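Put together the whole structure using the sequences plus the hints.
Number of protein chains: 4
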Amino acid sequence: MKKDIKKSAKRRLSIAGGQIRGIEEMVDQEKYCVDIITQIEAVREALAGVGSLILRNHLETHVAHDIRHGHEKRATEEILKVYRLAQK
Amino acid sequence: MKKDIKKSAKRRLSIAGGQIRGIEEMVDQEKYCVDIITQIEAVREALAGVGSLILRNHLETHVAHDIRHGHEKRATEEILKVYRLAQK
Amino acid sequence: MKKDIKKSAKRRLSIAGGQIRGIEEMVDQEKYCVDIITQIEAVREALAGVGSLILRNHLETHVAHDIRHGHEKRATEEILKVYRLAQK
Amino acid sequence: MKKDIKKSAKRRLSIAGGQIRGIEEMVDQEKYCVDIITQIEAVREALAGVGSLILRNHLETHVAHDIRHGHEKRATEEILKVYRLAQK
Numbered sequence: 247m248k249k250d251i252k253k254s255a256k257r258r259l260s261i262a263g264g265q266i267r268g269i270e271e272m273v274d275q276e277k278y279c280v281d282i283i284t285q286i287e288a289v290r291e292a293l294a295g296v297g298s299l300i301l302r303n304h305l306e307t308h309v310a311h312d313i314r315h316g317h318e319k320r321a322t323e324e325i326l327k328v329y330r331l332a333q334k
Numbered sequence: 247m248k249k250d251i252k253k254s255a256k257r258r259l260s261i262a263g264g265q266i267r268g269i270e271e272m273v274d275q276e277k278y279c280v281d282i283i284t285q286i287e288a289v290r291e292a293l294a295g296v297g298s299l300i301l302r303n304h305l306e307t308h309v310a311h312d313i314r315h316g317h318e319k320r321a322t323e324e325i326l327k328v329y330r331l332a333q334k
Numbered sequence: 247m248k249k250d251i252k253k254s255a256k257r258r259l260s261i262a263g264g265q266i267r268g269i270e271e272m273v274d275q276e277k278y279c280v281d282i283i284t285q286i287e288a289v290r291e292a293l294a295g296v297g298s299l300i301l302r303n304h305l306e307t308h309v310a311h312d313i314r315h316g317h318e319k320r321a322t323e324e325i326l327k328v329y330r331l332a333q334k
Numbered sequence: 247m248k249k250d251i252k253k254s255a256k257r258r259l260s261i262a263g264g265q266i267r268g269i270e271e272m273v274d275q276e277k278y279c280v281d282i283i284t285q286i287e288a289v290r291e292a293l294a295g296v297g298s299l300i301l302r303n304h305l306e307t308h309v310a311h312d313i314r315h316g317h318e319k320r321a322t323e324e325i326l327k328v329y330r331l332a333q334k
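Residue numbers (the working numbering), protein chains in the order written: chain A, 247 to 334; chain B, 247 to 334; chain C, 247 to 334; chain D, 247 to 334.
Everything labelled a hint here was simulated from the structure, so no lab data went into it. Note that the structure is a prediction, hence the values are computed from the model and not measured. Be careful, since some hints might not be right.
Repeated chains share a single entry, so a pair holds when one copy, or any two copies, can fit it.
Using 20 Å as the maximum straight-line C-alpha spacing, the simulated PhoX-like pairs for lysine-lysine come out as follows [to be verified]:
1. K277 with K252
2. K334 with K252
3. K334 with K248
4. K277 with K256
5. K248 with K319
6. K327 with K277
7. K249 with K334
8. K277 with K334
9. K277 with K253
Below, the structure written as structure tokens:
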């Protein structure tokens, strides 16, 4: 994994983990539902950003390697898999 | 907040927090990108479920109350707000 | 259905229909894939906007009526249904 | 564009166009909002399928070609672009 991507992904995941603990607290203190949902969607978007980052790493390393070594089929199917997950 | 919803939301958020720590570890150990992305999407979906749960609480408590007390406008705008966040 | 919402929804759907015909043409002329996908996502977002508009109508008419007449349960389940569809 | 993908994409787009005309009619006849929204989400999902199909074509043709000819950077950025659109 590229060093800068790894570092950034870990930092963002750590922040997302903190946000989830914050949401747990909001639920515990029975904060306003709409505010809780807004925070949940913020974490979901932050995680989408991490997914995009990891995909960048995948494309820049494995995919290029796969295609140069004749594993196009595998590379294609894997990208389509993560694309479909993102569409949901 | 309804007791059963609160309990379920806290439990699910705690699990999601654990999953995020697991993903941090996967990144740390440089696991296969596609597996990491798949896990990220699983947490995003789990969080969507919590959002849906909190919305249920909101609808069953605040919204009904708001509408009965003439605050239809506010109730409507808030539901549309969370709906649009979900569409993203 | 509220008159202004109906008018706006019909106009937007008509535009979306035109966009889809445009995409069919792009496919026919074998335009660049990334441009085709970008157009598809634009229509998907436009349709999300129509969904949001119809939900506004639903909330402002049926839901308020349902709740005032003791059909809270039905109103809640229906909103949760469309919310979950939006999350996908 | 691959022949089978082109054919399938055109057919699916034509069906989606028909569905949108159906939704216009539902709005015109003021059908139940929840049913209209459900139909809108069905078309959105159908269009997501077409996007996935076009991406498959893109990966199997342009991307492999780009990477073999040293245009990795461009290939990567384009895939990330459509991935981010799908995440929204």
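Now the hints, each set against the structure:
1. Taking the shortest alpha-carbon separations for K277 and K252, only the inter-copy value of 11 Å comes in at or below 20 Å, while the best intra-copy value is 35 Å.
2. Taking the shortest alpha-carbon separations for K334 and K252, neither the intra-copy value of 25 Å nor the inter-copy value of 24 Å comes in at or below 20 Å.
3. Taking identical chains as interchangeable, the C-alpha atoms of K334 and K248 are never at most 20 Å apart, the minima being 28 Å within one chain and 26 Å between chains.
4. Proximity of K277 and K256 under a CA criterion of 20 Å is satisfied inter-copy only: 13 Å between copies versus 29 Å inside one chain copy.
5. Taking the shortest alpha-carbon separations for K248 and K319, only the inter-copy value of 15 Å comes in at or below 20 Å, while the best intra-copy value is 24 Å.
6. Taking identical chains as interchangeable, the C-alpha atoms of K327 and K277 lie at most 20 Å apart only when they sit on different chains, with a minimum of 17 Å there against 37 Å within one chain.
7. When the C-alpha separation of K249 and K334 is checked against a cutoff of 20 Å, the pair qualifies neither within a copy, at 30 Å, nor between copies, at 27 Å.
8. For a Cα distance limit of 20 Å, the shortest separation of K277 from K334 qualifies neither inside one copy, at 28 Å, nor across copies, at 24 Å.
9. For a Cα distance limit of 20 Å, the shortest separation of K277 from K253 across copies, 14 Å, qualifies, whereas the shortest one inside one copy, 33 Å, does not.
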